[in-house]
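Build out the structure end to end from the sequences listed, making use of the hints.
Numbering (my numbering), first residue to last: 7 to 302.
Some hints here could point you the wrong way.
What the hints assert, rightly or not - Calculated lysine-lysine pairs in the BS3-like style (CA-CA distance at most 30 Å, straight line):
| hint | residue 1 | residue 2 |
| --- | --- | --- |
| 1 | Lys236 | Lys79 |
| 2 | Lys184 | Lys243 |
| 3 | Lys122 | Lys289 |
| 4 | Lys79 | Lys257 |
| 5 | Lys79 | Lys184 |
| 6 | Lys243 | Lys185 |
| 7 | Lys243 | Lys79 |
| 8 | Lys185 | Lys79 |
| 9 | Lys289 | Lys108 |
| 10 | Lys289 | Lys140 |
| 11 | Lys79 | Lys140 |
| 12 | Lys108 | Lys140 |
| 13 | Lys108 | Lys257 |
| 14 | Lys257 | Lys184 |
| 15 | Lys122 | Lys79 |
| 16 | Lys122 | Lys140 |
| 17 | Lys185 | Lys236 |
| 18 | Lys108 | Lys79 |
| 19 | Lys236 | Lys184 |
For the record, the hints were derived by calculation from the structure and aren't laboratory data. These numbers come from a predicted model, not from an experiment.
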Amino acid sequence: MTTMTVRRVCPSAAVVAALTSVAACGGGDATGSGGVVRADPIAALRSVQQKTSGASSARIEGTTVMGTTMSMKQTGAMDWSDGMTGTMEITYTGGTMGDALKQAGGDGTMQARYFKDGYVANMGEAFARQAGGKHWIRYSYDDLAELAGASGEVMKDQLQSSTPGQGVQALLASGDVKKVGQEDVRGVATTHYSGTVDVAELSTKNSAIDADQLAELKKQLSDAGITTEKVDIWVDKDELLVKKTERGRMKTGELNSTVFYSDYGTDVTVEEPPASDTVDFRKLLEQQQGSAAGAS
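And the structure:
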């Protein structure tokens, strides 16, 4: 029971952990009907980051593979105007996370709801049968930081302050940015940008972001065991992110992520599940630790 519960901290957090961003200053405007048209890709990406972060909300759909830990599909809507809030439907398709859910009697599908101070995850009927009929676990970000150590602190920071601009930030940090050309993405005319991030070579000498932002990006990549990462983004005529892919290697294997963004500015409302159907993560751990101590 303890193993099953702790393993589920990371997968729902991973939905947002890939969407990290920082503030950026904008550049001059020069757009065309086929997408963003700029002579300087750095100026273009700075403006894309500003416009995307300023859009406040969007619908999100994607797939993620994180080594042997998990593979998943997710869809939903997130708002980042005042912290991260939103709802995501997540289906685990493989890895140790998906295996744990199935071994516990679940079907690999769950819902996560994000709030400014934490998030809740619906763990399904199999979990409820072991938790007094309660389907939801509530994770306080402060509890994550305290109970999960360094990884919990990273998740707390990402979940409270991320927007869909991490790929843009990574390209700005790399100093290796090129405009690939004009491409159609799901019927939308876009401009495709690409670059490779080498963690060992990231420095303020070739980076288009400041030292604090660069240090945070290096820490995030290093914590995941990523040494190099190829990032591609597709941007529409309004300088909004339409698609982002990330490819690299982690401590646990391959990193492969594709995310689509649409309906910027969409209304996002999130409801807390009933308290009678929710158990607090800290309380659950304390109960499990007490049971384990009694059994010994």
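Hints numbered earlier in the text: which of these fail when held up against the supplied structure? none
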